[in-house]
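Trainee: Here the sequence shown stands for residues -23 to -1, 1 to 397, numbered as in mature numbering (1 follows the signal peptide of the UniProt record, and there is no 0).
Note that these hints are calculated values from the structure, not bench results.
Careful: at least some of the hints might be erroneous.
Here are the computed lysine-lysine pairs in the DSBU-like style, where the Cα-Cα straight-line distance is at most 35 angstroms [to be verified]:
hint : residue 1 : residue 2
1    : Lys213    : Lys113
2    : Lys142    : Lys207
3    : Lys207    : Lys218
4    : Lys218    : Lys161
5    : Lys113    : Lys93
6    : Lys56     : Lys40
7    : Lys153    : Lys77
8    : Lys238    : Lys218
9    : Lys207    : Lys161
10   : Lys63     : Lys317
11   : Lys160    : Lys172
12   : Lys218    : Lys160
13   : Lys113    : Lys85
14   : Lys56     : Lys85
15   : Lys153    : Lys213
16   : Lys85     : Lys160
17   : Lys77     : Lys63
18   : Lys160    : Lys142
19   : Lys40     : Lys142
20   : Lys93     : Lys262
21   : Lys218    : Lys104
22   : Lys262    : Lys40
23   : Lys113    : Lys317
24   : Lys142    : Lys153
25   : Lys104    : Lys93
26   : Lys218    : Lys142
27   : Lys161    : Lys104
28   : Lys153    : Lys218
29   : Lys93     : Lys77
This one's a predicted model, so the numbers in the text were calculated from it and none came from an experiment.
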Amino acid sequence: MSLHQSLENLLLWIPVPSTCCLAYLGSCSCSKEITVPSSSYHYCVGYQLGTSTNDLLLANDEKLTMQNLNDRLATYLEKVRSLEIKSSPVARQDYTNYLKTIEALQNKVRTCLTSKQFIILQIDNTKLAADDFRIKYETELNLRQNVENDTAGLMRLIDDLTLVKSDLEHQVEGLKEELAYLKKNHEEETERLRKQLGGTVSVEVDAAPGIDLGQMMDNMRQQYEVIAEKNRQEAKDWFDKQVDEWNVEVTTTTQQLETHKGEVTERRRTLQNLEIELQTQLNLKADRENELAGVEARYGALLAQIQATIANLEAQMMQLRNDMERQNQEYNSLLDIKVKLEAEIATYRRLLEGEDTRSLNHNYVVSLLISPACCSHPVKTMLLDFCAGYSCEKAYIFWYIHFLLWVIECFFLNAQISIF
């Protein structure tokens, strides 16, 4: 087979770019964007070779090797483009908003938990205060009952003292009536005796002196008067003493009663205040419990929503992790393909080194590979300098090998190759 046909079949697979930003065609470390517009692609099929057929023949195994390499390169480039298309949406997706949303929701959850703990602490304090007020209320209630019992006892004592006082007054009245009755009887008896003595006849006889009844009556009257006065004075003193004692006791009891009444009034007022405060605290506790229930329900729903969002984000992150692992596996497979391609290229170089050097028109071969319509002047000059000193087939094969290396290196260094 002629070199013309071999180059025609080979160049059908290789597009020659019109503009290229390669720093060096042979060993390119492409870290910049390389643009290859579709209008610049052409295939070098309209050339004519003036050399003989025998000088341009290639071995059949070399042709098969070149076709195999071209087929594998085309498959490899197609796989690279498909992987770039698949990975571009995942690489462009920004998860910053999701992370900010998760952080904001976590801050809200922490704030809600802090508010919940504060409300629970307030409820505990309210319960402790309510327990204290209940204990105070029970203490004051017991004290009130004791005071009421003491007051009831004092009232019964006052009633008993009133009855005793009434009895003593009745006794004094009875003694006064008895004293008046005795005085009246005494006066009547004295008057009757005087009348008897005044109506008698005086007879003088010589006899022993008789008993002086008037004197006797006077003595008896004086004795009775002394006894009556003594009894009256004793009764009066005893009555006055009893009255004074009962008056003192009544006064003391009255003072104690007034004091206890004041204490009972004060206790009743304190009890009313405590009942009002207890009712207020109970209402406050009920309000806090209702508020806590509402807060727990609201933040429970919010927490469930946040957990659902977190679960969704975790599922998305798991999906991304799976995609990354899959892409890593694909990358490893591509890396293996690269290694195999490099080994094949090395084998191909060794095949090229064993070929006989055949001199052809270098300017014709270079113009075949780089036409003026397809390449800028600096690149053309660089290729002319690079291909100088090599035969036509070796220059083309070197250019093809460096093109393969350039494509592989651009892909693994994240170069953006735009082929329209």
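Trainee: Each hint should be assessed against the structure and marked as holding or not.
Mentor: Structure-based check of all given hints:
{"no.": "1", "hint": "Lys213 x Lys113", "in the structure": "violated, 54 angstroms"}
{"no.": "2", "hint": "Lys142 x Lys207", "in the structure": "holds, 23 angstroms"}
{"no.": "3", "hint": "Lys207 x Lys218", "in the structure": "holds, 16 angstroms"}
{"no.": "4", "hint": "Lys218 x Lys161", "in the structure": "holds, 28 angstroms"}
{"no.": "5", "hint": "Lys113 x Lys93", "in the structure": "holds, 30 angstroms"}
{"no.": "6", "hint": "Lys56 x Lys40", "in the structure": "holds, 24 angstroms"}
{"no.": "7", "hint": "Lys153 x Lys77", "in the structure": "violated, 110 angstroms"}
{"no.": "8", "hint": "Lys238 x Lys218", "in the structure": "holds, 29 angstroms"}
{"no.": "9", "hint": "Lys207 x Lys161", "in the structure": "holds, 17 angstroms"}
{"no.": "10", "hint": "Lys63 x Lys317", "in the structure": "holds, 24 angstroms"}
{"no.": "11", "hint": "Lys160 x Lys172", "in the structure": "holds, 18 angstroms"}
{"no.": "12", "hint": "Lys218 x Lys160", "in the structure": "holds, 25 angstroms"}
{"no.": "13", "hint": "Lys113 x Lys85", "in the structure": "violated, 41 angstroms"}
{"no.": "14", "hint": "Lys56 x Lys85", "in the structure": "violated, 47 angstroms"}
{"no.": "15", "hint": "Lys153 x Lys213", "in the structure": "holds, 10 angstroms"}
{"no.": "16", "hint": "Lys85 x Lys160", "in the structure": "violated, 108 angstroms"}
{"no.": "17", "hint": "Lys77 x Lys63", "in the structure": "holds, 27 angstroms"}
{"no.": "18", "hint": "Lys160 x Lys142", "in the structure": "holds, 26 angstroms"}
{"no.": "19", "hint": "Lys40 x Lys142", "in the structure": "violated, 151 angstroms"}
{"no.": "20", "hint": "Lys93 x Lys262", "in the structure": "holds, 15 angstroms"}
{"no.": "21", "hint": "Lys218 x Lys104", "in the structure": "violated, 60 angstroms"}
{"no.": "22", "hint": "Lys262 x Lys40", "in the structure": "violated, 94 angstroms"}
{"no.": "23", "hint": "Lys113 x Lys317", "in the structure": "violated, 93 angstroms"}
{"no.": "24", "hint": "Lys142 x Lys153", "in the structure": "holds, 16 angstroms"}
{"no.": "25", "hint": "Lys104 x Lys93", "in the structure": "holds, 16 angstroms"}
{"no.": "26", "hint": "Lys218 x Lys142", "in the structure": "holds, 12 angstroms"}
{"no.": "27", "hint": "Lys161 x Lys104", "in the structure": "violated, 84 angstroms"}
{"no.": "28", "hint": "Lys153 x Lys218", "in the structure": "holds, 17 angstroms"}
{"no.": "29", "hint": "Lys93 x Lys77", "in the structure": "holds, 24 angstroms"}
The structure does not agree with the numbered hints 1, 7, 13, 14, 16, 19, 21, 22, 23 and 27 stated previously, though it agrees with the rest.
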